[in-house]
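Q: Here the protein sequences line up with chains A and B, keeping their order.
FYI, the numbering for the first sequence is 1 to 355, going by full-length UniProt numbering.
FYI, the numbering for the second sequence is 1 to 475, going by full-length UniProt numbering.
Read the hints as simulated data drawn from the structure, not as lab findings.
Just so it is clear, CB atoms sit at the ideal spot from N, CA and C, and this is done for glycine as well.
Honestly, I wouldn't trust all of these hints.
Simulated pairs of lysine-lysine, DSS-like, Cα-Cα distance not exceeding 25 Å [said to hold, decoys possible]:
no.: 1; chain 1: B; residue 1: 132; chain 2: B; residue 2: 462
no.: 2; chain 1: B; residue 1: 292; chain 2: A; residue 2: 316
no.: 3; chain 1: B; residue 1: 356; chain 2: B; residue 2: 465
no.: 4; chain 1: A; residue 1: 96; chain 2: A; residue 2: 120
no.: 5; chain 1: B; residue 1: 132; chain 2: A; residue 2: 328
no.: 6; chain 1: A; residue 1: 324; chain 2: B; residue 2: 302
no.: 7; chain 1: A; residue 1: 324; chain 2: B; residue 2: 292
no.: 8; chain 1: B; residue 1: 302; chain 2: A; residue 2: 316
no.: 9; chain 1: B; residue 1: 465; chain 2: B; residue 2: 132
no.: 10; chain 1: B; residue 1: 462; chain 2: B; residue 2: 229
no.: 11; chain 1: B; residue 1: 356; chain 2: B; residue 2: 229
no.: 12; chain 1: A; residue 1: 96; chain 2: A; residue 2: 146
no.: 13; chain 1: A; residue 1: 142; chain 2: A; residue 2: 96
no.: 14; chain 1: A; residue 1: 328; chain 2: A; residue 2: 316
no.: 15; chain 1: A; residue 1: 137; chain 2: A; residue 2: 120
In silico negatives: residues of chain B with every beta carbon more than 12 Å from chain A [as the list claims (entries may be wrong)]:
no.: 16; residue: 114
no.: 17; residue: 121
no.: 18; residue: 193
no.: 19; residue: 287
no.: 20; residue: 288
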Amino acid sequence: MSLFRFNYRHMANTLSLYRTVKRLGIPDERIILMLADDMACNARNKYPAQVFNNENHKLNLYGDNVEVDYRGYEVTVENFLRVLTGRHENAVPRSKRLLSDEGSHILLYMTGHGGDEFLKFQDSEELQSHDLADAVKQMKEKRRFKELLIMVDTCQAATLFSQLQSPGVLTIGSSMKGENSYSHHLDSDVGVSVVDRFTFYTLGFFERLNMYNNDSLISLFSSYNPSMLMSTAYYRTDLYQRHLEEVPVTNFFGSVMEMIHTDSAYSLLSRKESFRVEIKMSADKSVPDKKRLMDNPSRLDQISELNIEDQHGALKRIWSTIQKEMEKVEDVDAFVSYGLVLIVPLLTVSMWLTW
Amino acid sequence: MEPKEQSKEKKEKLWFWNWVIASVIFRLVLIYFPKNLNLASRPEVSTPLTSLRRLAEGYWLKQLSMSPYAGSMYHGSPLLLSLLGPLTVKRIEGQPDHLLCSLVFVIADIVNAMLIRATGQNLQMEYTRSLKLLDHVKLSEKPEIIPSGDIAALVYLWNPFTIVACVGLSTSPIENLAIILSLYGACKRQAPLAAFGWVIATHLSLYPAILIIPMILLLGYGTDTPPRKLFLQRRNVEVGDNPPNDRCCEREEVVHRSEVPHVFSWRPVIHFFCWTSLWSVYVLVLCGISVKQYGGLWELFKRTYGFMLTVQDLSPNIGVLWYFFAEVFDFFRNFFLIVFHGNILFMMLPLAIRLKHRPCFLAFVYIAISSMLKSYPSVGDSALYLGLLGLFVNELADMQFSFFLFCGYVGVSLLSPVMHNLWIWRGTGNANFYFATAMAYACLQIILVVESVSAMLNHDRKLRKPLTELQDGKN
Numbered sequence: 001m002s003l004f005r006f007n008y009r010h011m012a013n014t015l016s017l018y019r020t021v022k023r024l025g026i027p028d029e030r031i032i033l034m035l036a037d038d039m040a041c042n043a044r045n046k047y048p049a050q051v052f053n054n055e056n057h058k059l060n061l062y063g064d065n066v067e068v069d070y071r072g073y074e075v076t077v078e079n080f081l082r083v084l085t086g087r088h089e090n091a092v093p094r095s096k097r098l099l100s101d102e103g104s105h106i107l108l109y110m111t112g113h114g115g116d117e118f119l120k121f122q123d124s125e126e127l128q129s130h131d132l133a134d135a136v137k138q139m140k141e142k143r144r145f146k147e148l149l150i151m152v153d154t155c156q157a158a159t160l161f162s163q164l165q166s167p168g169v170l171t172i173g174s175s176m177k178g179e180n181s182y183s184h185h186l187d188s189d190v191g192v193s194v195v196d197r198f199t200f201y202t203l204g205f206f207e208r209l210n211m212y213n214n215d216s217l218i219s220l221f222s223s224y225n226p227s228m229l230m231s232t233a234y235y236r237t238d239l240y241q242r243h244l245e246e247v248p249v250t251n252f253f254g255s256v257m258e259m260i261h262t263d264s265a266y267s268l269l270s271r272k273e274s275f276r277v278e279i280k281m282s283a284d285k286s287v288p289d290k291k292r293l294m295d296n297p298s299r300l301d302q303i304s305e306l307n308i309e310d311q312h313g314a315l316k317r318i319w320s321t322i323q324k325e326m327e328k329v330e331d332v333d334a335f336v337s338y339g340l341v342l343i344v345p346l347l348t349v350s351m352w353l354t355w
Numbered sequence: 001m002e003p004k005e006q007s008k009e010k011k012e013k014l015w016f017w018n019w020v021i022a023s024v025i026f027r028l029v030l031i032y033f034p035k036n037l038n039l040a041s042r043p044e045v046s047t048p049l050t051s052l053r054r055l056a057e058g059y060w061l062k063q064l065s066m067s068p069y070a071g072s073m074y075h076g077s078p079l080l081l082s083l084l085g086p087l088t089v090k091r092i093e094g095q096p097d098h099l100l101c102s103l104v105f106v107i108a109d110i111v112n113a114m115l116i117r118a119t120g121q122n123l124q125m126e127y128t129r130s131l132k133l134l135d136h137v138k139l140s141e142k143p144e145i146i147p148s149g150d151i152a153a154l155v156y157l158w159n160p161f162t163i164v165a166c167v168g169l170s171t172s173p174i175e176n177l178a179i180i181l182s183l184y185g186a187c188k189r190q191a192p193l194a195a196f197g198w199v200i201a202t203h204l205s206l207y208p209a210i211l212i213i214p215m216i217l218l219l220g221y222g223t224d225t226p227p228r229k230l231f232l233q234r235r236n237v238e239v240g241d242n243p244p245n246d247r248c249c250e251r252e253e254v255v256h257r258s259e260v261p262h263v264f265s266w267r268p269v270i271h272f273f274c275w276t277s278l279w280s281v282y283v284l285v286l287c288g289i290s291v292k293q294y295g296g297l298w299e300l301f302k303r304t305y306g307f308m309l310t311v312q313d314l315s316p317n318i319g320v321l322w323y324f325f326a327e328v329f330d331f332f333r334n335f336f337l338i339v340f341h342g343n344i345l346f347m348m349l350p351l352a353i354r355l356k357h358r359p360c361f362l363a364f365v366y367i368a369i370s371s372m373l374k375s376y377p378s379v380g381d382s383a384l385y386l387g388l389l390g391l392f393v394n395e396l397a398d399m400q401f402s403f404f405l406f407c408g409y410v411g412v413s414l415l416s417p418v419m420h421n422l423w424i425w426r427g428t429g430n431a432n433f434y435f436a437t438a439m440a441y442a443c444l445q446i447i448l449v450v451e452s453v454s455a456m457l458n459h460d461r462k463l464r465k466p467l468t469e470l471q472d473g474k475n
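Could you build all of it, start to finish, from the sequences and the hints given here?
A: Here it is, written out as C-alpha cells:
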C-alpha cells in the first residue's frame, strides 16, 4: 500500500505472505493482491526484478508466478472498499473481484504506515477504522464471508479494528494504541529495511508448516513475543465464536479441501459403459453415494417402478417393458436404419392385405 | 376412328414423358452449376426447418455423441437425420457437393409428379363417373376434358419454385412427398398408405396434421363429386318422370338411381385410424430410441414442434411471422402465437362444411392456407399447392384474376431477392423492403385461395342450373 523506496519492506511483507499462503494451497484465482509495485523494477533497485525479505537474499519473492491484481494507481481506498463489498463497475474482470459466498473464510492482510484509527494508502489517502467496519458490516449483510481474519502490520494497528462489530471476524494487529511497529533488520546491500518484525515472526512460524499441519491459531497468536516484536501483538476474539484452540491456521492461511473418495470412474463420452458400471455399483453398495443418485435419475425411476409394479395398472407395466427394451438397444444407429428400411416391406404388406 | 384415337393417345403420352425427362435433365444441369447457384443460401428456399446445411450440422453433432439438437441448428426429425445424414458426408471426387442428396431430392420430385398424375387420373375417372350418374347434359357439350393429372404433374415439375427448392438443397421435396402420398392413398381408398403418409407428414412438419379432415372425408365419402343436392334433385326428377303405377319397379329404379356415394362409410375411416395409431407408435418408438441418450421424446418434441410453434428463430423468410414477432412485446408473445396458429385452425371447420363433397380440393385449400400462415414458409410449400392446383384445371377454368396472380407470383419471385440484397448486402434498404414483398406474396396467396374456392363453388352452381331448368320444365 505504500509508495516510495523506503517503503520497500511493505512490499516485501505482502509478497512474503503471498508466497506463504500460496505454498499452503490457496490458488492465485482466490488471492487479490494489491501492491504499489514500484519496487522491483525501480531504477534504484540494485537487484532488478527481485525483491527479498531477508538480507541473506535466499528467497526472491518476485518470482515467476506473482499475480498482482491491483497495482500502482489502482490501489486506492475506493477500490479496496469495492473489492470488499463487491460493488464493482460492470467492466471489472473476475480476477479483480472478491468472489466469495456465505461459506468463505477470508484472510485480509494489510501493511504499511498507519496510526490511530487509520491506515495510509499511497501517501495520499487514508482508510479509517469506521470505513473498514462499515465495509465488513456490508459484507456480513450480503453474506460474503463466514469467517474473516484481519491481520494488520502498521503502527498502532489495533486501533484500525476498534470499530468492528460484525460476528465471525477475528483480528490481530502488530501493535496497540500508542505503540509503533518496527522493522526487523536493515539490508545494507539493498540499502533499506527489508521486512517488518511482526511479519518476520509470522513467516517464521509458517516456514516450518506444510499444508497438512493442524497447528491451531492460538499457537500462532501466542508465538508473538512482545520483547522480540518491540510492541504488543493484540488480538480481538470477542466477535469470533469458535475457540482458537480448535481452529487450524490452514483455516485462513491455507486451503485444505474435504475430499470424498469414490471408487468408480467418471466417463464422459462412452455412455454405454457407464450404465453397466452403475448397475454394478448399486448392487454392491447398500447405501449408494449421493453423487451417484444425482447422475442417473432415470435408472432410479426404473428401479422404483419395478418395486411398485403391483400398485400401477397393466399399461404402466407395458410402458416400463417398452422402456426397458429401448434401454437395452445398444447400437442405436443400426437399429434406426433397420427400422427405416423395414418400413417399405411393412407398407407393401399392409397395402396387399387391405387390397 | 380407333387407330386415330390410339395414335392420339400415344402422342399425348409421349409428349408428357418427354416433358418429364426434360425437367429431370434440367434439374441435373442446374445441380452441376457451381455451388448450386447459391440457391441454398436464399432465405426463400431454405428455412431453419428445411435447410440441408443444418441437417449436416445435426448429423455431425450426432457423430460426436452429442445431441443433434444442441446448438439450436437442426430442428427436424431424427429419422430424416438417419436417412439423409450419411449422404451429406459422402463426397465423390470431381462432383459437386451434396450430389447424392440432390439426387435424392430429384427422385423425390419425380415420385411426387407420378403420384400427382395418378391422383389426377383417379380424380378424373371418379368425377366423370359421377357426372354420368347425373346423366348430365354438360358432359356431352364438353368432349375435350383436359387430362388434369398430366397437367398437374407437369406444372409441379416445371414450376420454378419446385426446381429452386430441389436444386437449393431444401428438404421440402420429402415433406411434399409424404403429403402427396397420403392424398394418393386416401383417393385410392388405401388406408395403410394414407395413414403412413399422414403420420410421416405430421412428424416431419407439424402443419399437415390439419389434413386429417380431408383424409377422413376422402376415405368416407370418396373423391370429389358434385354436391349431394344434385343427386337428390336428379332422383326426384327421375321419379317425377315415371308414373307411379308399378310400385315395385319404381322402388327398384329409385334404389338403382340413388346408388351414389352419399353414404359415409365408416369402415375405411376406422381402418385409417387403426393404421394411424400403428404407424405413429412405430415412428415414436424409432424416434425414442434415436434420442434416448439426449433427453428422450419430450426433449425431441420441445426442439422440433416447440420450435415450430413458438417461432424462436426470427431470421427473415417469405412469410409474415418473423417481422411481427421481432417487434411484439414479450408479454403479448404467447397471445399472438395463439392468434397466428389459431388463424389456420379457425378456417378448417367452415371450409370443411362448405366443401365436404370435394375433399381433394379441401386438402388443396388447407395446404395453401397452412403454407401461408406457417411459422417458416418457403417456396417449396408453394410448389406443392401450385402443383395440386393443376388437378382442378377443369373446374377452375373460369377463375378470375388468374393472369394477375400469375404476374404477381412472377413479380414477387423476382423482386424478393432484389429487396433482400438491398437490405442485407448493400444496406441501402431496410427490413420493410423485404417484408413488403413478403406481404405482397401473402396477399397473392390469399387471393388465390379465395378465387379458387369461389370458382369451384360457381362451377357447382353451374352444374345445378340445367337440372333446375329440367325440373322447372316439368313443373
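Q: Decide, hint by hint, whether the structure agrees.
A: So, going through the hints one by one against the coordinates:
Distance hint between residue 132/B and residue 462/B is fulfilled; the C-alpha atoms sit about 16 Å from each other, no more than 25 Å. This hinted pair checks out: residue 292/B and residue 316/A have alpha carbons roughly 19 Å apart, not beyond 25 Å. For the suggested pair residue 356/B and residue 465/B, the alpha carbons sit about 20 Å apart, so the restraint of at most 25 Å is met. For the proposed pair residue 96/A and residue 120/A, the alpha carbon gap of about 21 Å is at most 25 Å, so the pair holds.
Under the criterion of a C-alpha separation no larger than 25 Å, the hint pairing residue 132/B with residue 328/A is inconsistent with the structure, at around 60 Å. A threshold of 25 Å between alpha carbons decides the hint, and for residue 324/A with residue 302/B the separation of about 23 Å falls inside it, so the pair holds. Using a Cα cut-off of 25 Å, the hinted pair residue 324/A and residue 292/B holds, with the two alpha carbons roughly 11 Å apart. With a C-alpha separation of about 24 Å, the suggested pairing of residue 302/B with residue 316/A holds against the 25 Å cut-off.
The straight-line distance between the Cα atoms of residue 465/B and residue 132/B is roughly 16 Å, inside the 25 Å bound, and the hint therefore holds. The hinted pair formed by residue 462/B and residue 229/B meets the criterion: a straight-line CA distance of about 13 Å does not exceed 25 Å. Taking the CA atoms of residue 356/B and residue 229/B, the gap is about 12 Å. The hint holds against a cut of 25 Å. Annotation: proposed proximity of residue 96/A to residue 146/A holds, straight-line Cα distance about 20 Å (limit 25 Å).
Using a Cα cut-off of 25 Å, the hinted pair residue 142/A and residue 96/A holds, with the two alpha carbons roughly 18 Å apart. Restraint check: the Cα-Cα separation between residue 328/A and residue 316/A comes to about 18 Å, which is no more than 25 Å; the hinted pair holds. As the CA atoms of residue 137/A and residue 120/A are separated by approximately 21 Å, the hinted pair is consistent with the 25 Å bound. Once the 12 Å rule is applied to beta carbons, residue 114/B is consistent with being away from chain A; the minimum gap is 16 Å.
Non-interface call for residue 121/B relative to chain A: holds, since the shortest CB-CB distance, roughly 18 Å, exceeds 12 Å. Listed as a non-interface residue, residue 193/B fails to keep its Cβ farther than 12 Å from every Cβ of chain A; the least gap is roughly 6 Å. Residue 287/B, annotated as away from the interface, has a beta carbon of chain A within 12 Å; the closest lies near 9 Å. Distance check for residue 288/B against chain A: the nearest CB is about 6 Å away, which does not clear 12 Å, and the non-interface claim fails.
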